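Listed here are the chains, written in short residue letters.
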Amino acid sequence: MMLPRTVRAFTLLAAVAGSATAQTSADGLLMPRKVFSTGVIYTHDSWDQYWEGTLKRSNGNIGTLTTRSVTMAAAYGVTGGLTLMASLPYVWTHASQGVLNDMNGFQDLTLGAKYRLLRIESANRDIFSAFIVGTGAVPITKYTPDFYPLSIGTGGGRAAGRITLNFLPTSGWFITGSSAYTWCSNVRLNRNSYYTDGQLYMTNQVAMPNVLENSLGTGYRRGRWQLPLSLVQQRTLGGGDIRRQDMPFVSNRMNFTRIEGGVMYALNIPGDFSVRVGAGHVLSGRNVGQSTTLSSGLFYAYHF
Amino acid sequence: MRITSRIRSEVSRHLGRMSGRAVLSLCAVSLAVAACDKSVGPFEVLPPLQPSSLEPTAGSWRMIALSGPTQIAVAAPTAPTSAAYLAELDAIKTSQAHLTDAQRKSIAYWSGGGVLRWNQIVRELVARYNLPPAPRDEGGYPVPDAENPFGDPAFPFANPVYAARAYSYVSAAQYDALKSAWYWKFQFNRPSPAKIDNAIRALIPVTDLPAYPSEDAVISGVTVEMLKSLFPAAVEEVTLKAAEQRNAALWSGKATASDLAAGLALGKSVAAVFLARAAADGMRSAGGSPTIWKAMADSATVRGEIAWTSLDNPARPPMLPLFGQVRAWMMSPADIIANRPDAPPSTSSQKMKDETAEVKRTVEHLTNAQLAIAQKWNDGAGTYSPPGHWNDIALEYVRDANMSEVRAARAFALLNMAMHDAAVGCWEAKFHYFNPRPSQMDPSIKTQIGLPNFPAYPSGHSTFSAAAAEVMSYLFPTGTDSFAAMRDEAGISRLYGGIHYRSDIDGGKALGGRVAGFTLSFARGDGAP
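First to last, the sequence lines map onto chains A and B. With my numbering, letter number 71 in the first sequence gets 71, and the count goes up by one each step, no holes. With my numbering, letter number 244 in the second sequence gets 548, and the count goes up by one each step, no holes.
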């Protein structure tokens, strides 16, 4: 199933890494035909330093910002080459200092399809495959995008296209490269003016910049085990910096480079359970928190 | 969106190999992408100004800081038949023969009206500079320095009271300058070039208003001088804007070089009068000192009250605690004291406990509609501030009423002088009572919007909004009910935000209404029909 790889996150740098039954949109994995997998992922993300534009700082009125989420996820193998995916997180945010109110609620429902374009198996059974992924996401509750860094999301719709290349030799060591382009719809605020990127806007609509994400991963996959490790880079293609001592804003240019890793193990108990844990850490960024993310998930697969 | 279509074609190449369901879902994504148009705006569209009246009597309307319309003398223009004037007309014709797209754009932009355009620009400047200084690494906060406006922190911190004063100085100076200009216009009666010479096209609606001195140049001169003092780091852009405004008047056939020169000189001279007033109005010492801050807190403690403390981390000095001593426009210092609201409920009273509990109950059960109201009127750091919000509201009324420049300037001057006086009265009371915020009384109260760094009672939003609603109702009587509804919504928004008690809101609204009474008694006797 698809994990919420949240685009443009300031508050939520969501779940990391994938597994054989718990897929991300970026990995090189598909569900077997007529297998339905469902599961729950718990994610804990926190930072106490962030980049105000390019200036790294802490903020006594925020302290440590913690974002927790529980994501319900599902995936279904329509054919061996096509997997449909869905996910929906419930998100809580909390600042350890200052007076700003916590936020929580259901965030965005993401639906997607992953399709294998290409599968080449060499004579010695090394496998090269290429995938395209299309996803769409919409907020399902009216949470506010105007309370960063405590907002639980951007409050806008998104559509993304992704290409993933995967090379899996018989040794079990694999390499994955993935690029995604995300179109973000305009967002509406409850106010009729805002200042961002050097300009006063006299409207309640915010033009959201699109987002490019690239990732390069490696790892080991054999038997019940899977150990992915990857470097993810998000580049927001527009938007302004957080001004000096201003609050973050939904359309800020949120960039980061993050390292992620995970461990997945398929349990040797009846019913095809699997568990996974993952971790991620932002190495560098702009208008985002330098967050550390921990996640764990439990999944169950039904064979029809 | 070239990228979009390229990706769509790549997607469609693969569609034949995919299941029907996947095709549908990807089509939906493609359609959503193709349909997206992200452009926001245009904002506050200003059609070419076509004033409903020339206001021939405006030269006799009551002045604010000038002694009268002739305090600044304007020399008589040369005759329309003089060689010098004919050369000026030729220069316009030459310009009009070679207008670039950029010049036409400037003409269209400024045709919307100088008072309205500068109002938009000032709101943008307030939003840009309305950020508090960041704390120093070694603790404490630096103070914005007018002598180093480009530094960190930038100068000014255009907080709500700084903004109220800035809007009022710009508007009042524009208003006096335009009344003086109107006096001289009808004294000399020199028509605009497009009316004198048929070969000069009127590229914007040109009226029979005498052109000397040019009202556009007057507005550009007075405004840019005020802004250079109020927002010194914006000097380059406001100077360029002002020059563009004068050029647009010339290119459009509205004014000659001598119309502009006389207007510019008049505008700058009027600004000098207002800048002298501003230099001595008490703003420079409004920040107070640690001794003064402590004395204010002690005064509350001596009365047996819990004194306000900053909940910023690290604790931040209070925002302009002596702003209550800054000179008001229509109220004397004695008027300010006399109109100070009665004391808020004692911090040890049951009423205070009840009101604190009401704030907590409200924020903990906030509806989406209430949050929307709290955010709509937040007007906190980084925005054009509550006075800017009321200027935003006023602009559309002024625009739709087809007011002449001098009439529009009067509307904004009355509005902004009332809000400045509201700021003075409100700050005097806030720092007299030094009353704590709800989150200080009960630290479990979390706020839905930023917590302002100054005492609670009375609510600034409520004071500003009540004063503004009164003035707007005087100017636009048909909107009275709507302005009252906005005033009430702005007031209650602070309870929804978790940053004010009900008493703060009620006290602020009553104070704002009383303050507006002073402005309106001026307005009713100023000679404007």
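Any given hint could turn out to be false.
Calculated lysine to any residue pairs in the SDA-like style (CA-CA distance at most 20 Å, straight line) [to be verified]:
no.	chain 1	residue 1	chain 2	residue 2
1	A	LYS142	B	ALA676
2	B	LYS680	A	ARG188
3	A	LYS56	B	PRO436
Since the hints were derived computationally from the structure, they do not count as laboratory data. Owing to the predicted nature of the structure, the values given are computational and were not obtained by experimental measurement.
To see whether the hints hold, each was checked on the structure:
{"no.": "1", "hint": "A:LYS142 / B:ALA676", "verdict": "11 Å, holds"}
{"no.": "2", "hint": "B:LYS680 / A:ARG188", "verdict": "12 Å, holds"}
{"no.": "3", "hint": "A:LYS56 / B:PRO436", "verdict": "18 Å, holds"}
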